[in-house]
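S.K.: One-letter residues, chain by chain:
There are 2 protein chains.
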Amino acid sequence: MLYAVIMAGGSGTRLWPLSRRGQPKQALKLIGERTMFQHSVDRLAPLFPPERILVVTSAAMADLLRPQTPGLPAANFISEPEGRDSAPAAGLAAINLLQHDPDAIMVMLTADHYILDTEQFRSALSAAAQVAAAGTIVTLGIRPTYPATGFGYVSFGEAWVIENGFRVYRSAGFTEKPDLATAVRFLEGGRHVWNSGMFVWRASRLMDEFARQLPDIHAALEQIGQALDTPQAGDVLRREWSNVRRISLDYGIMEHADNVAVIPVEVGWSDIGSWASLIEVLPADESGNAVTGEFVAVDSHNCLVRSEGKLVAAIGVDDLVIVDTPDALLVCRRDRAQDVKEVVNRLTAQGKPVYL
Amino acid sequence: MLYAVIMAGGSGTRLWPLSRRGQPKQALKLIGERTMFQHSVDRLAPLFPPERILVVTSAAMADLLRPQTPGLPAANFISEPEGRDSAPAAGLAAINLLQHDPDAIMVMLTADHYILDTEQFRSALSAAAQVAAAGTIVTLGIRPTYPATGFGYVSFGEAWVIENGFRVYRSAGFTEKPDLATAVRFLEGGRHVWNSGMFVWRASRLMDEFARQLPDIHAALEQIGQALDTPQAGDVLRREWSNVRRISLDYGIMEHADNVAVIPVEVGWSDIGSWASLIEVLPADESGNAVTGEFVAVDSHNCLVRSEGKLVAAIGVDDLVIVDTPDALLVCRRDRAQDVKEVVNRLTAQGKPVYL
Numbered sequence: 001m002l003y004a005v006i007m008a009g010g011s012g013t014r015l016w017p018l019s020r021r022g023q024p025k026q027a028l029k030l031i032g033e034r035t036m037f038q039h040s041v042d043r044l045a046p047l048f049p050p051e052r053i054l055v056v057t058s059a060a061m062a063d064l065l066r067p068q069t070p071g072l073p074a075a076n077f078i079s080e081p082e083g084r085d086s087a088p089a090a091g092l093a094a095i096n097l098l099q100h101d102p103d104a105i106m107v108m109l110t111a112d113h114y115i116l117d118t119e120q121f122r123s124a125l126s127a128a129a130q131v132a133a134a135g136t137i138v139t140l141g142i143r144p145t146y147p148a149t150g151f152g153y154v155s156f157g158e159a160w161v162i163e164n165g166f167r168v169y170r171s172a173g174f175t176e177k178p179d180l181a182t183a184v185r186f187l188e189g190g191r192h193v194w195n196s197g198m199f200v201w202r203a204s205r206l207m208d209e210f211a212r213q214l215p216d217i218h219a220a221l222e223q224i225g226q227a228l229d230t231p232q233a234g235d236v237l238r239r240e241w242s243n244v245r246r247i248s249l250d251y252g253i254m255e256h257a258d259n260v261a262v263i264p265v266e267v268g269w270s271d272i273g274s275w276a277s278l279i280e281v282l283p284a285d286e287s288g289n290a291v292t293g294e295f296v297a298v299d300s301h302n303c304l305v306r307s308e309g310k311l312v313a314a315i316g317v318d319d320l321v322i323v324d325t326p327d328a329l330l331v332c333r334r335d336r337a338q339d340v341k342e343v344v345n346r347l348t349a350q351g352k353p354v355y356l
Numbered sequence: 001m002l003y004a005v006i007m008a009g010g011s012g013t014r015l016w017p018l019s020r021r022g023q024p025k026q027a028l029k030l031i032g033e034r035t036m037f038q039h040s041v042d043r044l045a046p047l048f049p050p051e052r053i054l055v056v057t058s059a060a061m062a063d064l065l066r067p068q069t070p071g072l073p074a075a076n077f078i079s080e081p082e083g084r085d086s087a088p089a090a091g092l093a094a095i096n097l098l099q100h101d102p103d104a105i106m107v108m109l110t111a112d113h114y115i116l117d118t119e120q121f122r123s124a125l126s127a128a129a130q131v132a133a134a135g136t137i138v139t140l141g142i143r144p145t146y147p148a149t150g151f152g153y154v155s156f157g158e159a160w161v162i163e164n165g166f167r168v169y170r171s172a173g174f175t176e177k178p179d180l181a182t183a184v185r186f187l188e189g190g191r192h193v194w195n196s197g198m199f200v201w202r203a204s205r206l207m208d209e210f211a212r213q214l215p216d217i218h219a220a221l222e223q224i225g226q227a228l229d230t231p232q233a234g235d236v237l238r239r240e241w242s243n244v245r246r247i248s249l250d251y252g253i254m255e256h257a258d259n260v261a262v263i264p265v266e267v268g269w270s271d272i273g274s275w276a277s278l279i280e281v282l283p284a285d286e287s288g289n290a291v292t293g294e295f296v297a298v299d300s301h302n303c304l305v306r307s308e309g310k311l312v313a314a315i316g317v318d319d320l321v322i323v324d325t326p327d328a329l330l331v332c333r334r335d336r337a338q339d340v341k342e343v344v345n346r347l348t349a350q351g352k353p354v355y356l
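If you read the sequences in order, they're chains A and B. Counting from 1, one number per residue, gives the positions in the first sequence under this note's numbering. Counting from 1, one number per residue, gives the positions in the second sequence under this note's numbering.
Mixed in with the good hints there might be a few duds.
Same chains, same names: a pair is fine if it fits in one copy or spans any two.
Unchecked claim - In silico DSSO-like links for lysine-lysine, alpha-carbon gap of 27 Å or less:
1. Lys352 <-> Lys341
2. Lys341 <-> Lys177
3. Lys177 <-> Lys352
4. Lys341 <-> Lys29
5. Lys177 <-> Lys310
6. Lys310 <-> Lys341
7. Lys29 <-> Lys310
8. Lys310 <-> Lys352
Because the hints were derived from the structure by calculation, they are not lab data.
Only chain A is shown next, with the shape it has when bound in the complex:
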């Protein structure tokens, strides 16, 4: 059977002051009236019944997210005792699936990315599931639209097969975030896609990779798996997890995995990694302003404006991000949106956690 596993444990303040340590991106209504997590579940609906959608996250985050998706069984939220990055989280999902379905094929997704063309996205997942059923690890790659230095890349050679209308390539390797010159070369060459973090594999196939590449984590996962559905499950999870090291899927598994394929997709994907990238996916008015809340614009263009119950007036300003929250206000040039982290750093250094 095919299952979706949504990794929802991320935290971050790249969308400060809206995103906070306790209120990360996936919990926010950034686009329309649904949170990023809700969008992530919504777009799976036609392909996955709710009982086959799992969420891996922390206990605190599960409490925050569970009420957002009343249709998902509460038991489908798998809580990590502590965050250990993406590889252990994927392994934890895999052993849970294998407990009841040795043939489980799992689609690994993130809770805080945006996809505009959800129909094309589901078609790509179906194609990937077909390929993964035969034992291949499949990654969905995003056709780059600019020379991004903030993403990893996957390179590929000649087309291997065509599945469900999608060209499937054998992966020629994973590359970590490149410098700008390399990114330009990747973009121009046409043989690289962004690593979206969306993978499809048999759960048993992932466990084999753990056994080969990360045997210590594999052993811990085995212990956890054997205790599942017993009264000791929670104790064993906490005990084993405390010794599991932090490691990412890309670094721990994908860079040296056997038999990996890549399906380049054009689905209007965005990681919403900053206010600037959020502007790109939001509808704008005739002046190019993307507005949430009451707004009066005098000669102001291409701004992102968010407020909660407050009137915002802008006069003679272009390309600004204006985000108002009850305790903090951000006014930021659009092309400096990545420097929100500098504000967060200063607030941390100044000992002002109330704003973080």
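Given chain A, work out where chain B should sit, using these hints.
M.R.: Just chain B now, kept in the frame of chain A:
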């Protein structure tokens, strides 16, 4: 005796969203911890005992301002039943003074202007009072620092006398707000000063000008004066005031007054007519930012930032006005501060008086 009369009836939204119809500029703490009205009273203290400082305003404004100056006798707040512009307000103050002091010399001041060099200001008032004692109407003129088109001007010829170290000139005429070319000529010629709205005269001398130039208003003021200290005072004031027309001192009295002198002063005067002019008089940090509230600046310069209990973060922005209030936020390019009125116009047109 010398009296100060502060005209405090003005309303306006040029400092929106901080200034509102019910919360005009004089009631706001724009500079330091004192309101503009408090500054106006404070700077008089060494020259005027509290009992000789009068305030002319509306009943509603008196209720707002009286608690700000507990040292002033409550009876010194003279309430106009309705605003009738500056000439009737000055006449109302004059008849109140003449009731108890036929020799009263009155200094007419405004409640919402700022003066940096208060010592020089008081010296100029003393000089003006000396000149006014002999029957001359004296206006304090502000040496222009740029070709302003938003102020009236007073022209003058050769120096007439020197009083208390100040050159006193005979006025050669009042000019209403000029166009830019004229303002440039005024600035370069050196024979024009801004009409600050600060006048010094004998109260009886002002009444003579009313009798000659505005006999209808003079008659009303006489009626009001005769009823002062009687049980009918309030009724007579309301009755007469309802027929008094709106007219400014400049237009109704000064343009055709006899025997007018002007004392040019350099006292760091500002009418704080917009957020841009407020920036000029506020102390700035090393990045040129004038800040009220908690502020984190990343590569941001020459901004005016005001918030009430909210953290403001700015990234990569220069020359912005950022003013946050509980229900409205303004983000405005500094050189577009005069267009705040456009926002106010739109809010009025949209039927949103809650923000005005």
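S.K.: Among all the numbered hints in the text so far, which are the ones the structure does not match?
M.R.: As far as the earlier hints go, 3 and 5 are violated by this structure, in ascending order.
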